[in-house]
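With our numbering, the residue at position 358 of the sequence shown is 362, and numbering never jumps.
For the record, the hints were derived by calculation from the structure and aren't laboratory data.
Mixed in with the good hints there might be a few duds.
Below, simulated DSS-like cross-link-like pairs (lysine-lysine); rule was C-alpha separation at most 25 angstroms, straight line [as the list claims (entries may be wrong)]: (1) 223 <-> 170; (2) 444 <-> 78; (3) 233 <-> 303; (4) 192 <-> 502; (5) 59 <-> 156; (6) 157 <-> 444; (7) 356 <-> 78; (8) 444 <-> 223.
Here are the in silico distance ranges between beta carbons for each label pair [to be verified]: (9) 68 <-> 346: 56 to 66 angstroms; (10) 137 <-> 226: 55 to 65 angstroms; (11) 486 <-> 179: 21 to 31 angstroms; (12) 502 <-> 229: 28 to 38 angstroms; (13) 50 <-> 70: 34 to 44 angstroms; (14) 195 <-> 449: 18 to 28 angstroms; (15) 429 <-> 333: 47 to 57 angstroms; (16) 505 <-> 237: 32 to 42 angstroms; (17) 217 <-> 392: 37 to 47 angstroms.
Glycine included, each C-beta is placed from N, C-alpha and C at the ideal position.
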Amino acid sequence: MITILHIIDSLSGAGPARSLLSIAKYAAEQKLAQQHRVVTLQSRSYPVTLLNAAKAGITVLRKPDRETLTAELKQADIVQVHFWNNPDMYEFLRSDLPETRLLIWFKILGDHPPQMITPELAGFPDFALGTSPYTLELPVFQMQDGTQRNQKKYFIYGIADWDRLKNLKPRSHNYFNVGYIGTVNFSKMHPDFIPLSIGISIPDSRFIVCGGINETLQKQAAEQGVSEKFDFRGYVEKIEPVLEILDVFGYPLCEDTYATSEKSLQEAMYAGVPPVVFPHGGCPDLVEHEQTGMVAGSKVEYQQAIEYLYHHPEFRRKLGQNAADYARIVFDSRSAVIQMHNVYEKMMKHPKRKRRWYNTMEKQELSPSRHFVQSLGTAAQHFNISLNSDDPDRLLDADRVIMNSSALLAEGEGGIFQYRNYYQNDPYLRLWTGLILQKKQRHKTALAEFDAAIHLGFSHWRVYWYQAGSFIETGDLTEARKALTLVMATAPAFSEAKDLFSALPKP
Numbered sequence: 005m006i007t008i009l010h011i012i013d014s015l016s017g018a019g020p021a022r023s024l025l026s027i028a029k030y031a032a033e034q035k036l037a038q039q040h041r042v043v044t045l046q047s048r049s050y051p052v053t054l055l056n057a058a059k060a061g062i063t064v065l066r067k068p069d070r071e072t073l074t075a076e077l078k079q080a081d082i083v084q085v086h087f088w089n090n091p092d093m094y095e096f097l098r099s100d101l102p103e104t105r106l107l108i109w110f111k112i113l114g115d116h117p118p119q120m121i122t123p124e125l126a127g128f129p130d131f132a133l134g135t136s137p138y139t140l141e142l143p144v145f146q147m148q149d150g151t152q153r154n155q156k157k158y159f160i161y162g163i164a165d166w167d168r169l170k171n172l173k174p175r176s177h178n179y180f181n182v183g184y185i186g187t188v189n190f191s192k193m194h195p196d197f198i199p200l201s202i203g204i205s206i207p208d209s210r211f212i213v214c215g216g217i218n219e220t221l222q223k224q225a226a227e228q229g230v231s232e233k234f235d236f237r238g239y240v241e242k243i244e245p246v247l248e249i250l251d252v253f254g255y256p257l258c259e260d261t262y263a264t265s266e267k268s269l270q271e272a273m274y275a276g277v278p279p280v281v282f283p284h285g286g287c288p289d290l291v292e293h294e295q296t297g298m299v300a301g302s303k304v305e306y307q308q309a310i311e312y313l314y315h316h317p318e319f320r321r322k323l324g325q326n327a328a329d330y331a332r333i334v335f336d337s338r339s340a341v342i343q344m345h346n347v348y349e350k351m352m353k354h355p356k357r358k359r360r361w362y363n364t365m366e367k368q369e370l371s372p373s374r375h376f377v378q379s380l381g382t383a384a385q386h387f388n389i390s391l392n393s394d395d396p397d398r399l400l401d402a403d404r405v406i407m408n409s410s411a412l413l414a415e416g417e418g419g420i421f422q423y424r425n426y427y428q429n430d431p432y433l434r435l436w437t438g439l440i441l442q443k444k445q446r447h448k449t450a451l452a453e454f455d456a457a458i459h460l461g462f463s464h465w466r467v468y469w470y471q472a473g474s475f476i477e478t479g480d481l482t483e484a485r486k487a488l489t490l491v492m493a494t495a496p497a498f499s500e501a502k503d504l505f506s507a508l509p510k511p
């Protein structure tokens with residue numbers, strides 16, 4: 005019997021948690037010699053997922069104390085980390101771990117910030133497991149030596165529970181339904197989701213959106229006068245009734261998505277609903293263009309693909325059947341669990357070992373903002389400059405790039421806001437948060453972040469320059485003058501401050 009201890013951020017209703025439960029479920033069904041235990045790094049969990057874990061015979065420990073966690077780590081034959089970048093996950097990896105056999109299953113593609121696979125991360129486990137073949141082709145893995153490349157990496161698509169669709173029967177419906185099931189925010193979806201959808205020239209189309217309520221999307225639809233074309237259903241646990249009435253699965257993700265093996269995309273294909281996707285993230289590895297779905301190279305092509313499927317129902321049915329056949333072979337959960345068991349058996353041939361993320365001196369020197377920068381790897385250039393440069397022009401240029409960070413890097417999992425909320429006493433994380441809020445015209449909140457950065461010890465004059473800009477936008481010219489005076493006193497060569505001060509109306 006192999007005892008596997010799973011480390012996961014939380015047992016939510018999302019794909020990583022579902023994959024974990026499916027491993028245990030299908031392993032038991034096939035009588036594989038496995039015992040599964042789970043440690044969540046956060047206490048919050050989705051009740052239905054907890055109930056399903058109990059049904060699968062999985063012991064779940066939610067955010068245990070350090071003594072309990074260490075005991076679990078020591079007792080496990082294999083520790084399997086379900087990885088995506090977030091502060092809790094890196095706190096765990098950087099902690100004083102006992103001897104383990106460590107498997108990291110990457111739930112990210114790994115090449116877009118903040119969800120990067122760095123050399124330190126790739127080399128940390130005994131076995132690196134991707135959820136997309138693309139991940140294993142990243143330079144961070146190709147730079148490993150020959151022994152590592154042959155023995156330490158593999159990929160297994162995220163494992164779905166097909167019993168969720170065992171009673172699926174397509175039903176007649178009144179409209180041409182385009183469905184989206186998944187995370188409903190712009191750290192995952194294409195930022196033009198609403199314009200993309202309403203630009204599709206199909207008179208009787210409806211867009212069914214499942215996966216959480218997003219007020220911005222609803223507001224955009226209302227402002228365009230097309231609310232009636234959208235059915236925002238929030239989070240939906242039982243997806244069979246939705247998939248039964250879909251004609252197309254429209255899954256336009258943002259360009260820097262870290263999506264890999266997407267359960268919702270697998271499930272749509274399994275249900276015979278042809279997907280239309282962009283070539284972003286792991287989607288091109290899941291969908292073969294004009295065979296199991298449509299891969300659109302642009303926004304116009306995305307709209308044209310859905311229009312074509314509307315006007316060519318026979319081709320649409322053919323793609324749907326191909327997708328269903330493909331999903332039953334490539335995404336077969338029982339086969340995937342056998343592959344996972346083979347990984348476990350391979351790891352059991354080697355002894356547990358001690359590992360450290362970094363030496364004691366490095367640990368003492370790294371602030372939370374530097375931990376964040378370290379997690380970004382090669383994508384951290386501008387943050388490194390913001391932290392370390394003495395050149396005012398380079399600092400301002402770097403901060404400008406940070407200010408224009410993507411929705412994913414700013415607000416998504418592992419992004420600036422999440423690290424700021426976790427490490428609230430780091431002055432640089434507060435500065436960077438302020439910059440992004442300022443760009444979003446949220447000046448009062450930005451000013452609070454700049455003020456916090458100053459009180460936490462941020463002393464470079466540029467924070468007062470940023471303050472002055474937001475004070476002007478809020479109409480507080482008195483405070484703007486005070487901020488500009490501080491800039492001029494500490495950086496007399498920065499002529500922009502003098503020019504702006506002179507341009508302000510006299511008090």
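We went through each hint and held it up to the structure:
1. 223 <-> 170: The hint is violated at about 36 angstroms.
2. 444 <-> 78: violated, 47 angstroms
3. 233 <-> 303: holds, 19 angstroms
4. 192 <-> 502: Answer violated: residue 192 to residue 502 is near 42 angstroms, above 25 angstroms.
5. 59 <-> 156: It is violated: about 33 angstroms lies between the C-alpha atoms, which goes past 25 angstroms.
6. 157 <-> 444: Not OK: residue 157 and residue 444 at ~41 angstroms, beyond 25 angstroms, violated.
7. 356 <-> 78: holds, 10 angstroms
8. 444 <-> 223: holds, 17 angstroms
9. 68 <-> 346: 56 to 66 angstroms: violated, 30 angstroms
10. 137 <-> 226: 55 to 65 angstroms: violated, 41 angstroms
11. 486 <-> 179: 21 to 31 angstroms: With a Cβ separation near 59 angstroms, residue 486 and residue 179 fall outside 21 to 31 angstroms, so the hint is violated.
12. 502 <-> 229: 28 to 38 angstroms: violated, 48 angstroms
13. 50 <-> 70: 34 to 44 angstroms: The hinted range 34 to 44 angstroms is violated for residue 50 and residue 70, with Cβ atoms some 25 angstroms apart.
14. 195 <-> 449: 18 to 28 angstroms: Given a distance of about 21 angstroms, which is inside 18 to 28 angstroms, the answer is holds.
15. 429 <-> 333: 47 to 57 angstroms: About 52 angstroms separates the Cβ atoms of residue 429 and residue 333, which means 47 to 57 angstroms holds.
16. 505 <-> 237: 32 to 42 angstroms: violated, 53 angstroms
17. 217 <-> 392: 37 to 47 angstroms: Holds - the Cβ-Cβ distance for residue 217 and residue 392, about 41 angstroms, lies within 37 to 47 angstroms.
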